[in-house]
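Engineer: Here is what each chain is made of, one letter per residue.
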Amino acid sequence: MTSPISDSENWQPSELERRRRAERQRKTQKNVLIAGISSVLVLGTFSIILVNSPGWISLRDTFFKWAYGVEVLPKVILGFTTNITLTLIAGSSVALLGLLLALVRTSRSPALTPFRFLATIYVDVFRGIPMILVILLIGFGIPALQIPGVTNEVLILGTIAVIITYTAYVAEVLRSGILTVHPSQRAAARSLGLSHFQTLRHVVLPQAIKRVTPPLLNDLVALIKDTGLISILGVTDAVRAAQIQTAKSFNYTPYVMAALLFLAVTIPLTRYTDRILRRSMERQNAQGLT
Amino acid sequence: MTSPISDSENWQPSELERRRRAERQRKTQKNVLIAGISSVLVLGTFSIILVNSPGWISLRDTFFKWAYGVEVLPKVILGFTTNITLTLIAGSSVALLGLLLALVRTSRSPALTPFRFLATIYVDVFRGIPMILVILLIGFGIPALQIPGVTNEVLILGTIAVIITYTAYVAEVLRSGILTVHPSQRAAARSLGLSHFQTLRHVVLPQAIKRVTPPLLNDLVALIKDTGLISILGVTDAVRAAQIQTAKSFNYTPYVMAALLFLAVTIPLTRYTDRILRRSMERQNAQGLT
Amino acid sequence: SSSSEDAAAPAEGCVAGELATVEAGALIIATGEPAYYPWVIDDAPESGQGFEAAIAYAVAEKLGYGKDAVKWIRSTFDGAIAPGPKDFDFNLQQYSITTERAEVVDFSSPYYKANQAIVSFKGSKLDGVTDLAGITAAGAKLGAAVSTTSLDVIESQLGLKASVFNDNAGGVTALKNKQIDGLVVDLPTAFYLSAVEIDNGIIVGQIDGSDAGDSGFGLLLAKDSPITGCVTDAVDALTSDGTIAAITQEWLANTAGAPVLK
Amino acid sequence: MSLSPSALLSVRDLKKTFGSEVVLDGISFEVPVHTATVFIGASGSGKSTLLRALNLLEQVDDGVIELDGEEITAVDIDPDQVRRKLGMVFQAFNLFPHMSVLENITLSPIKVHGLTRDEANERALSLLERFGLREKADQYPDRLSGGQQQRVAIIRALARNPRLLLLDEITSALDPVLVNEVLLTVRELKEEGMTMVIATHEMGFAKQVADQLCYLHGGKIVESGRASDVIDRPKEPETQEFLARVHSAGRL
Amino acid sequence: MSLSPSALLSVRDLKKTFGSEVVLDGISFEVPVHTATVFIGASGSGKSTLLRALNLLEQVDDGVIELDGEEITAVDIDPDQVRRKLGMVFQAFNLFPHMSVLENITLSPIKVHGLTRDEANERALSLLERFGLREKADQYPDRLSGGQQQRVAIIRALARNPRLLLLDEITSALDPVLVNEVLLTVRELKEEGMTMVIATHEMGFAKQVADQLCYLHGGKIVESGRASDVIDRPKEPETQEFLARVHSAGRL
Ligand SMILES: Nc1ncnc2c1ncn2[C@@H]1O[C@H](COP(=O)(O)OP(=O)(O)OP(=O)(O)O)[C@@H](O)[C@H]1O
Ligand SMILES: Nc1ncnc2c1ncn2[C@@H]1O[C@H](COP(=O)(O)OP(=O)(O)OP(=O)(O)O)[C@@H](O)[C@H]1O
Ligand SMILES: [Mg+2]
Ligand SMILES: [Mg+2]
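Residue numbers (this note's numbering), protein chains in the order written: chain V, 1 to 290; chain W, 291 to 580; chain A, 581 to 842; chain F, 843 to 1094; chain H, 1095 to 1346.
If we strip away everything but chain V, and leave its shape as in the complex, we get (with noise of 0.2 Å):
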């Protein structure tokens, strides 16, 4: 039908092409350029305005002293690993309830009903109320109840307590990305002979988790950091020990350290997979110029 591209491999632009290109590329290179000039002129302002302001050298010295942040650095880093396997363990439980959860709501037979009224009760109720009540209840909570046979270990305790919570966040993000396939693409599954859990399988969760990739990164960017909420419990996360630092020497440098530690694992993570997402959606779409 089309001709293959042997036909044209000589193929050269024209005259007219060659300019147009040139054209466009000479507009594309001008307007970066703008964007590019403005944008460092802006930030260079705020630069210039911050470094001589009367306060910088003392405000250098309370979040940026790197000396003191060095210093510090193993104990965070100590806490951080807390926050690390804390996320690795609630974030792969988190995904697994959180899809049961938004797979109950977002199912239509009526004999669920019971289930969904529940499901909804249940991401209502976690999803409201303050992770730090859901901890202290159930890290504090459960160890007076003193039922025999129950743990009473905090990390247990406070991990339990965030995939909770999380939970209740994830199966909302799922959910959405599950109603966003359209109805015609499980109607064509089914018709294929997919039964209702490979149609999930196959069809439906590939195309909804691929859509609410953005929001579920940041669930898992905000558990990284919010798994440290469980310091309250006693536990010493990379926040946790940066606030020690804090209170020892009156100096920020140590939150500074934690925050740099937390994006030496985010920011790889949401550059890899936004990565892996635009290509398998450039793979996939036709793409105009609109």
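Just so you know, these hints were derived from the structure itself, not from any lab.
By construction, the Cβ of each residue, glycine as well, lies at the ideal position given by its N, Cα and C atoms.
Treat the hints with care, as some may be off.
[What the hints assert, rightly or not] BS3-like cross-link-like pairs, simulated, lysine-lysine; straight-line CA separation at most 25 Å:
hint : chain 1 : residue 1 : chain 2 : residue 2
1    : A       : Lys702    : A       : Lys741
2    : A       : Lys741    : W       : Lys538
3    : A       : Lys651    : V       : Lys75
4    : A       : Lys693    : A       : Lys803
[Said to hold, decoys possible] Stretch-level coverage of chain V by chain A, calculated; a stretch enters the list once three of its residues show a Cβ under 8 Å from a Cβ in chain A:
hint : segment
5    : 144-152
6    : 246-253
7    : 269-279
Based on these hints, arrange chains W, A, F and H with the ligands on the given structure of chain V.
Structural biologist: For chains W, A, F and H with the ligands alone, kept in the frame of chain V given last:
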């Protein structure tokens, strides 16, 4: 083409169909019953274990001492007004700025590359670092600079910090919504002569926002709670008010009161939005059996 | 003033070194993290340096636990007050004894009664104020850390609305930024802060916090702990034999002399 | 309730409404094995709805559908089991945008019918070859032309070797040469034992492929019979009028 | 570089590739005002791509498109201004699922062409009436049959009164009676002064509507001329072969 309803206004379902409907109803009822009973059983068992555990009374007195809760409620409500006020102010700014950022990040124009780059860095950084650090940096850092004419009012600075952080989150949610709108929709809108902006306004965003409403609500609910983080600057929100009371009495009921206040706002909000969303989806989509 | 009346254990039952502690043969003492100067020096309670560290070892000794039998742990504020079993025998981090709190936990008799003091800086609204009325008149904005008696002093005694911070670090920063005019802390801390942390720091004056229901710092124990009686007895004994006075003299001597605001 | 011996599909008194609109109003027909039953009728007359109902994608409001003598409209039927025997090509194709052409085609053979990936690929590639799409195997549906997408949808249904094929306007996006190719395919399939229900607007195609032609109007099958009879010698006034207008439009 | 006096659209040496696939390989043609130019060709021959390129929805790799004497492929052109003069019906309809039929149709007249809502509604409703869709005005696209959706897409383009209409397979989902209705509409529009570029697989439709017929093959316009000439007396061997196969398929 098809007969109007009048044709068959006096149509009665056949004997078979009546049996089928009855059976379907019976089956549904049975399943609902099973689901309902099993839910009640599970929840009931948990409650019984809870109430009969050795520490239940002490737990109840510590977390659910209603008389005390009512006593401190006015103070918690006073703190809660801070959450609400900040949410209203921050929420609208976040919506605007988040949208702007999302639009920059989803734009394809090569001229915007520098802005896209900056927007990506912005999101990565401010999403990744603990909000507490942003609040400290803005709330304590800016006044420390002693730049003439710049406020050192903690409420304003704290709100700015909250806006900065949440903008990053909301931008990602909106970006994901925008990406789910199929390019052919833009093509159709542009081919109708709509400008880039009109296309966004009338075609892309209405679909995008509807699709990400659940994660947007996640962020709104989280925002209501997280506005409280500016309490590290010395402002009293609902959770801080509860904490102050708890520190006095060593009783956690104030936290529970705070949680109830949050729920009193977030649940109606969520239910209402959900209903609107469901209605619009029902109107829009053909609903098959799958 | 002790809340141990309702504690079951009679003082006579205190066999030295063999109390019904969390871990038999050892005494687990909790404090905050970090523990502040001058209560604990260098955040190292094990050294026995600092007022509360010294008190802890003195009480331990009275109870029949040598230096080696004492184990230190750190607890958060919430960890100390949460219901249910505790992982420490007693906890000291400047917990003020109030009747309300005593419904939830046990306290020993007080081992120290600190006045509250207002820290500020030269040239602030509060510089030169000499009485309580002057503070209100100055329209001053006062701050305090959460879960301290200082907060009660501002709110119930001065009738002002306080800016409440997570810890003293936050309050100090706000003070340096002039976002508040004064920070209320207990007197020993006030001396430390005004001398070390705040440029041109001053102590405006001290306030007797008793009116806010403060009856001094006590050792905090689990509700109905079997050793509350013994610990109270030990504190009482240390008070009467002058040990506590000596420790106070050693660690808090230079904290007298701020004008009292009335 | 018995079925004529050779009928694979038997529909009785089918009724379907959308809100206040009665789309199917007492549809009855039988489809003998190895035959093609074609539905014609105006746009909006309910052809697609009927095919969706046969595939249990719409819950009917009354009536019975029997497949292989089994009432598939019964309440306790397992639709997955029913659909294993059915293949459907949707009017809007409904390809899976996140899967390549090959993955679209092999999904069901592998997951539902238990073929190995190699077997499924082989079969898929030979069908792609036949419909001139061999080189698009790894392309994604969004990047195909309309006719290419339609062919993939047809191949996806064929690759499963169903007992009964439900084909909704499968020639709408095809060029005339391809229409002919599809026509030949349909005939071959019949010979191989396939049974089909087809909805179409193409009178020529209908005439050439139909063993039984049904004219759908006002929610009812107004007339049915051999294709040449219905088209060339319609009996009912509605059919006569429709075909007269088709004629006058020069489309026969 | 000048344009023949009556040509509204003039295309010269248009080239478009997707990756390694050359889809349009030096396309040149002119469309005089008040005429319809029809493109036929096998599935995948590039008809849709060409129409999208004319609407500036695809960036061409070489060549020139002139509309009203203005080079719209120029770098500094404002595509919004160009598209105000153009109307397009997409092969896949591309209706807005979040808007009712009426809103779909009136969006552009109100937002782009500045009509009041009442004026726009009136015009939309009369067009809906004409295409038998009056009672679907408040329905949402997902709930329409294929043919109904296609009619809405046509109406949406017509409602804007463009100078040049680009119509991609606008009869594929329509029943024969409606095809005729569209045919009449196209003729009327031409009389009212509209110019059109049409891609279609329906040889009958092409023959009846085309002032100029172009056969697209291998990325090139192999043959063009009056419809009756090209279809009944094709000169080029490729055209002859294609039409022969169409003939033998009984589709002419
Ligand atoms: N989900 C739905 N909700 C409401 N009405 C619907 C729905 N689906 C279809 N309809 C209506 O039912 C009627 C029959 O639609 P159907 O798609 O079966 O027609 P069709 O015969 O396939 O038409 P075409 O030839 O145009 O594809 C139409 O009037 C349509 O608007
Ligand atoms: N975005 C894209 N990316 C890659 N290839 C594409 C893209 N869009 C179209 N093609 C390819 O370009 C060729 C021409 O496609 P086009 O849609 O123009 O064909 P067509 O003539 O309209 O066919 P049909 O009659 O089937 O609609 C096809 O081979 C198609 O696969
Ligand atoms: Mg249809
Ligand atoms: Mg096409």
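Engineer: With reference to the structure, classify each hint as holding or not holding.
Structural biologist: Verification of the hints:
Under the criterion of a C-alpha separation no larger than 25 Å, the hint pairing Lys702(A) with Lys741(A) is consistent with the structure, at around 23 Å. A threshold of 25 Å between alpha carbons decides the hint, and for Lys741(A) with Lys538(W) the separation of about 16 Å falls inside it, so the pair holds. Taking the CA atoms of Lys651(A) and Lys75(V), the gap is near 22 Å; set against the 25 Å cutoff, the hint holds. A hinted pair counts as satisfied when its Cα atoms are at most 25 Å apart, and Lys693(A) with Lys803(A) qualifies at roughly 22 Å.
By the rule of at least three residues with a Cβ nearer than 8 Å to a Cβ of chain A, the coverage given for the segment 144-152 of chain V holds, with 4 such residues. As drawn, the segment 246-253 of chain V meets chain A at 5 residues by the rule of a beta-carbon pair under 8 Å; at three or more, the given contact holds. For the segment 269-279 of chain V, the stated coverage by chain A is not satisfied: 0 residues place a CB nearer than 8 Å to a CB of that chain, which falls below the threshold of 3.
Of the numbered hints listed earlier, the single one contradicted by the structure is hint 7.
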